[in-house]
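For the sequence shown, full-length UniProt numbering begins at 1 and goes up steadily by one.
Among the hints, erroneous ones may be present.
[Claimed, not checked] Here are the simulated PhoX-like pairs of lysine-lysine, each with C-alpha atoms no more than 20 Å apart in a straight line:
no., residue 1, residue 2
1, K51, K123
2, K244, K193
3, K51, K244
4, K145, K193
5, K131, K63
6, K63, K258
7, K192, K145
8, K254, K192
9, K145, K131
10, K51, K63
11, K192, K258
12, K123, K145
13, K145, K51
14, K193, K258
No lab work stands behind these hints, which were simulated from the structure alone.
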Amino acid sequence: MLLCPVCGNQLEQKDGSYRCIKGHCFDISSAGYVNLLLSGGKASGVHGDSKEMIRARQDFLSKGYYSFLSEEVNRIALGFLKGSPAPVVADVGCGEGYYTGSLCTFLRDHRVEAQVYGFDIAKYALQLAAKRCRQVTYAVASLSKIPLPSHSVDLLVDIFAPYSNTEFNRVVRTGGHIITAVPAEQHLFGLKKTLYESPYENVVKPYDLEGFEPVEIRRIRRDAQLNSQDDIFNLFMMTPYYWKTSREAVERLKRLDKLDTAMEFAIITYQKVHDRTEAK
Numbered sequence: 001m002l003l004c005p006v007c008g009n010q011l012e013q014k015d016g017s018y019r020c021i022k023g024h025c026f027d028i029s030s031a032g033y034v035n036l037l038l039s040g041g042k043a044s045g046v047h048g049d050s051k052e053m054i055r056a057r058q059d060f061l062s063k064g065y066y067s068f069l070s071e072e073v074n075r076i077a078l079g080f081l082k083g084s085p086a087p088v089v090a091d092v093g094c095g096e097g098y099y100t101g102s103l104c105t106f107l108r109d110h111r112v113e114a115q116v117y118g119f120d121i122a123k124y125a126l127q128l129a130a131k132r133c134r135q136v137t138y139a140v141a142s143l144s145k146i147p148l149p150s151h152s153v154d155l156l157v158d159i160f161a162p163y164s165n166t167e168f169n170r171v172v173r174t175g176g177h178i179i180t181a182v183p184a185e186q187h188l189f190g191l192k193k194t195l196y197e198s199p200y201e202n203v204v205k206p207y208d209l210e211g212f213e214p215v216e217i218r219r220i221r222r223d224a225q226l227n228s229q230d231d232i233f234n235l236f237m238m239t240p241y242y243w244k245t246s247r248e249a250v251e252r253l254k255r256l257d258k259l260d261t262a263m264e265f266a267i268i269t270y271q272k273v274h275d276r277t278e279a280k
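Please construct the entire structure, taking both the sequences and the accompanying hints into account.
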């Protein structure tokens, strides 16, 4: 099902590697993922999340703070896929596989034998992801060149990741679905009030995906209390605020050992109604 990033032909797995009919070969790493991102296949200076950020996210998510988001995504996915024979699921920007592995296990527990793929450009994240769930096929790949055939995906999942209008339309079959999750209006407002004098609410707006129609915007919320400095700072490192907060505000955050904040998400679903080439 995976495609060769060099020639675009289908890859076959054999003896610890993937190979296409033209002889291009890609070894499966000892961790269990395959690297399909060619040199120069990512934008200059973009290398995915750092190891430090990935470790922080893994530690935070392992505490179960965002489990309610994962569970809701799983339920929505099951509603789309139940009764489908061997559906194909692709998680783009999957990171360390927290949501991907949970979804794969949930579907199998509900007798949906899906082929689940996870893609990210951060190799270290995929090392962790591949160890989390061996039933998922993980590959280093960019969402600007998803290594799957056109019209092959029944469900594409995008949790806090960028999106590609062109590639999403190409890989998702007509009638297939996309599940996205983005921060809702009050998400992490308690954290923002600690960092900024005038915190702002997030704006929730569906992506303008050509060939897709929005199905639903579902908001979910949990008010949480973080009772350790490690959890507070790990959460901070997961956010864009980590890159644009003043040193003074960061030092203020480091002195906290308790934080009350809302965790609110908007889960936006879409259905593909036509290919871009069919649009009039």
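Here's how the hints hold up against the structure:
1. Proximity of K51 to K123 is assessed by CA-CA distance (about 9 Å); at most 20 Å being required, the pair is judged to hold.
2. Restraint check for K244 and K193: the C-alpha separation of about 15 Å stays at or below 20 Å, so the hint holds.
3. Between the alpha carbons of K51 and K244 the distance comes to roughly 19 Å, so the proposed pair stays at or under 20 Å and holds.
4. Under the criterion of a C-alpha separation no larger than 20 Å, the hint pairing K145 with K193 is inconsistent with the structure, at around 39 Å.
5. Taking the CA atoms of K131 and K63, the gap is near 18 Å; set against the 20 Å cutoff, the hint holds.
6. Straight-line distance between C-alpha atoms of K63 and K258 comes to about 15 Å, which keeps the hinted pair within the 20 Å bound.
7. Distance check on the hinted pair: K192 and K145 sit about 35 Å apart at the alpha-carbon level, beyond 20 Å; violated.
8. Among the hinted pairs, K254 with K192 is consistent with the structure: their alpha-carbon atoms are about 14 Å apart, no more than 20 Å.
9. Between K145 and K131, the direct Cα distance comes to roughly 24 Å. Violation of the 20 Å bound is thereby established for this hinted pair.
10. A threshold of 20 Å between alpha carbons decides the hint, and for K51 with K63 the separation of about 19 Å falls inside it, so the pair holds.
11. Straight-line distance between C-alpha atoms of K192 and K258 comes to about 14 Å, which keeps the hinted pair within the 20 Å bound.
12. Restraint check: the Cα-Cα separation between K123 and K145 comes to about 16 Å, which is no more than 20 Å; the hinted pair holds.
13. As the CA atoms of K145 and K51 are separated by approximately 23 Å, the hinted pair breaks the 20 Å bound.
14. The straight-line distance between the Cα atoms of K193 and K258 is roughly 14 Å, inside the 20 Å bound, and the hint therefore holds.
The structure fails hints 4, 7, 9 and 13 (numbered hints given earlier, in ascending order).
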